[in-house]
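Trainee: Listed here are the chains, written in short residue letters.
2 protein chains.
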Amino acid sequence: MTKPLYVQKFGGSSVADTECLRRVADRVALNVREGRNIVVVVSAMGKTTDRLIAMAREVHADHSDREYDQLLSTGEQITISLLAMALHHAGIDAVSMTGPQAGIQTDGVHTKAKITAINPERVRECLDLNKVVIVAGFQGLNPMQDVATLGRGGSDLTAVALAAALKADRCQIFTDVDGVYTADPRVVSKAQKLKEVACDEMLELASMGAKVLQSRSVEFAKKYGVELEVLTSFEVKPGTLVKEAAQMEDVLVRGVAADKNQAKVTLRGVEDTPGVAARLFTTVADADINVDVIVQNISSEGRTDISFTVPKDDMGKVKALLQKIEGVNFNEDLYDDNIAKVSLVGVGMRSHTGVASKVFSTLADMKVNIQMISTSEIRVSVVIEAGLADEATRALHTAFGLDQA
Amino acid sequence: MTKPLYVQKFGGSSVADTECLRRVADRVALNVREGRNIVVVVSAMGKTTDRLIAMAREVHADHSDREYDQLLSTGEQITISLLAMALHHAGIDAVSMTGPQAGIQTDGVHTKAKITAINPERVRECLDLNKVVIVAGFQGLNPMQDVATLGRGGSDLTAVALAAALKADRCQIFTDVDGVYTADPRVVSKAQKLKEVACDEMLELASMGAKVLQSRSVEFAKKYGVELEVLTSFEVKPGTLVKEAAQMEDVLVRGVAADKNQAKVTLRGVEDTPGVAARLFTTVADADINVDVIVQNISSEGRTDISFTVPKDDMGKVKALLQKIEGVNFNEDLYDDNIAKVSLVGVGMRSHTGVASKVFSTLADMKVNIQMISTSEIRVSVVIEAGLADEATRALHTAFGLDQA
Chain A
687 MTKPLYVQKF GGSSVADTEC LRRVADRVAL NVREGRNIVV VVSAMGKTTD RLIAMAREVH
747 ADHSDREYDQ LLSTGEQITI SLLAMALHHA GIDAVSMTGP QAGIQTDGVH TKAKITAINP
807 ERVRECLDLN KVVIVAGFQG LNPMQDVATL GRGGSDLTAV ALAAALKADR CQIFTDVDGV
867 YTADPRVVSK AQKLKEVACD EMLELASMGA KVLQSRSVEF AKKYGVELEV LTSFEVKPGT
927 LVKEAAQMED VLVRGVAADK NQAKVTLRGV EDTPGVAARL FTTVADADIN VDVIVQNISS
987 EGRTDISFTV PKDDMGKVKA LLQKIEGVNF NEDLYDDNIA KVSLVGVGMR SHTGVASKVF
1047 STLADMKVNI QMISTSEIRV SVVIEAGLAD EATRALHTAF GLDQA
Chain B
687 MTKPLYVQKF GGSSVADTEC LRRVADRVAL NVREGRNIVV VVSAMGKTTD RLIAMAREVH
747 ADHSDREYDQ LLSTGEQITI SLLAMALHHA GIDAVSMTGP QAGIQTDGVH TKAKITAINP
807 ERVRECLDLN KVVIVAGFQG LNPMQDVATL GRGGSDLTAV ALAAALKADR CQIFTDVDGV
867 YTADPRVVSK AQKLKEVACD EMLELASMGA KVLQSRSVEF AKKYGVELEV LTSFEVKPGT
927 LVKEAAQMED VLVRGVAADK NQAKVTLRGV EDTPGVAARL FTTVADADIN VDVIVQNISS
987 EGRTDISFTV PKDDMGKVKA LLQKIEGVNF NEDLYDDNIA KVSLVGVGMR SHTGVASKVF
1047 STLADMKVNI QMISTSEIRV SVVIEAGLAD EATRALHTAF GLDQA
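As you go down the protein sequences, you meet chains A and B in turn.
For the first sequence, the numbering used here assigns the number 687 to the initial residue and increments by one for each residue that follows.
For the second sequence, the numbering used here assigns the number 687 to the initial residue and increments by one for each residue that follows.
Think of the hints as simulated: they come from the structure by calculation, not from any bench.
Be aware that one or more of the hints could be misleading.
No copy labels: a pair is met if it fits in one copy or bridges any two.
[What the hints assert, rightly or not] With a cut-off of at most 20 angstroms between alpha-carbon atoms, the simulated EDC-like pairs for lysine to aspartate or glutamate come out as follows:
{"no.": "1", "residue 1": "LYS817", "residue 2": "ASP751"}
{"no.": "2", "residue 1": "LYS800", "residue 2": "GLU1071"}
{"no.": "3", "residue 1": "LYS689", "residue 2": "GLU935"}
{"no.": "4", "residue 1": "LYS817", "residue 2": "ASP748"}
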């Protein structure tokens, strides 16, 4: 095959109804007529999954995961067959495949299965016949020969994994935003759409609340060298390419992201003996609560203060856990959900210093009090008062020269 | 396994919504607690199939059969998973299987596939573990590894075929009527529910408009010696057993059925040369029109009259065909859709004479004019004026002693 191969993924909002399906079909047809081989990955249509879940709850609140997967996988199967019909209507040869038919194999964990292997032989055969292959996202066949679903963001993962297995030239994720921006355009009017972003940057941005792509998909793309593109399904224009950093020009700061979905927990006067922090955070992790920033001050008179952030929704759960935690003594526990985490991300930070100090001085000029600091190789994050987050984001966006295209 | 094995099929109206599913689950649970192994076969819930078909039409009026099957098969998959959950809720161990998972193999004809083989190994393994196995009716896996649907009455066929493959003790078809009657109870108030009926009788009754079971399922049951039972899903009481004639007492007349859905076509003055009838009925058959009764009078002066009945809905199609038919010359074509076919069915007729003459004299006493006569080994049918059909049915029901239980 000399034709370039694109894997294109359309999410639930792009395939909300039959009208939308016709539009997606036209979009795919455009690509076929430009001489590309296309594999399409789709999610369930609009509210289908919600409706199926509601029925399951009506029947049995505590339903089995296997049957839940058997039920939910029909959502994508409906989309693929209807999209195949829509493509036929647009004059394009196309064939639909469920996850199992497309050779997607998973482990045995229902509702959040991992893809273990892809045998793309059948997909490949159809592509060789110049057919568009439409694959049900979010699902595969497990070792028990049952259909298993991949959990959140599963359709993105299906697309990226198929692109890797087929050695596709590009994996395009169509969504309701037209790309990745230097900041949230609703907050920063001068935010610029990025032509490209490094995988590592995308990972930091995703974990920062910029929910364009699930981290799992980006990690997978990075691992297998899949070139990802995020673009809108509502207009025909280029999006943002997510590439390996090696292929890109390093920039100091690629973007500024604010996460207002965190809450801060502070334990005052924690008895500072070995193993205390381990006990504390093991307890929190065992409750499936994702701890983000952790700060521990120096100890004085055998006692220290520990602060950490958790998703806002989990604050109550943490409070309950701390009431009955054993082996961790402290004087006082404080909770604050009026915070935001503002982060600067850029692969250039690896080889440059001075980013953190510029962040601090920019915020100092604004009289913004920094409550916590956390950094990685390519990120600087500060926790500040929630009400100041937008203003701080705009100031940092300007300070790091992101206002210009 | 020493436990008796029952295959139980519940149609669309028995599984119309989640409330119905709970009721079916309770019914199945009852059987499990009575010490039976159960395989349940279900159709799509209520209006699901209609909704899917409507969506397909919105997308592409002339949709591909393969994609149509891919789409429609989700209907049964939704039912099986929800019913499994409902059984779990009722405290019964159960597992759902799609047609392909249950080892149902079909030929390659989409939308009206035939079952070619059943590999019931996985079903058997689950039964051995005392699980209820819930199988999606109406579908199987074709040689291309695609899901194929079986066409009308397909779920009944799935149930009977599984019963045969598993050597089940009985195959119960749950429906909205509580059994097979000596006549339509809405017409004949003294109609009696039959405890049993012979397969051959059931076949004649089915083809006669008594649509309790599709002929294909009865034929299959007969061929593989499956004991069928027709019963209602709304009450717990015995239905009607459909058995091989050899196991039953022969009765002269088992029931009276009226088919008001036929129309009569008469060709007057047909040129009576060899091959004319063949040309006529080949033309009609090629248009997929089912000809039922055919009567040809003796020829006079090289011309004859031919009458035949077809489904009422096809009368217009036949008229159009006859306008342009080649090699069949006739003077006049007449059409009458104001007719009914009344039939008496009973395996005892094989060894008794006099049934036909008793029919004729009963109708003569009522001054009913007989327009056409057709008989088989176990059936006598007459075509009469539609308005007299109910009265004739009641009279024959009485004349042949069917009014008493």
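Trainee: Taking the hints in turn, state whether each one holds.
Mentor: Comparing the hints with the structure gives:
1. LYS817 - ASP751: Answer is between: at 17 angstroms across copies they meet the 20 angstroms cutoff, but 34 angstroms inside does not.
2. LYS800 - GLU1071: neither (38 angstroms within a copy, 68 angstroms between copies)
3. LYS689 - GLU935: neither (29 angstroms within a copy, 72 angstroms between copies)
4. LYS817 - ASP748: between (42 angstroms within a copy, 18 angstroms between copies)
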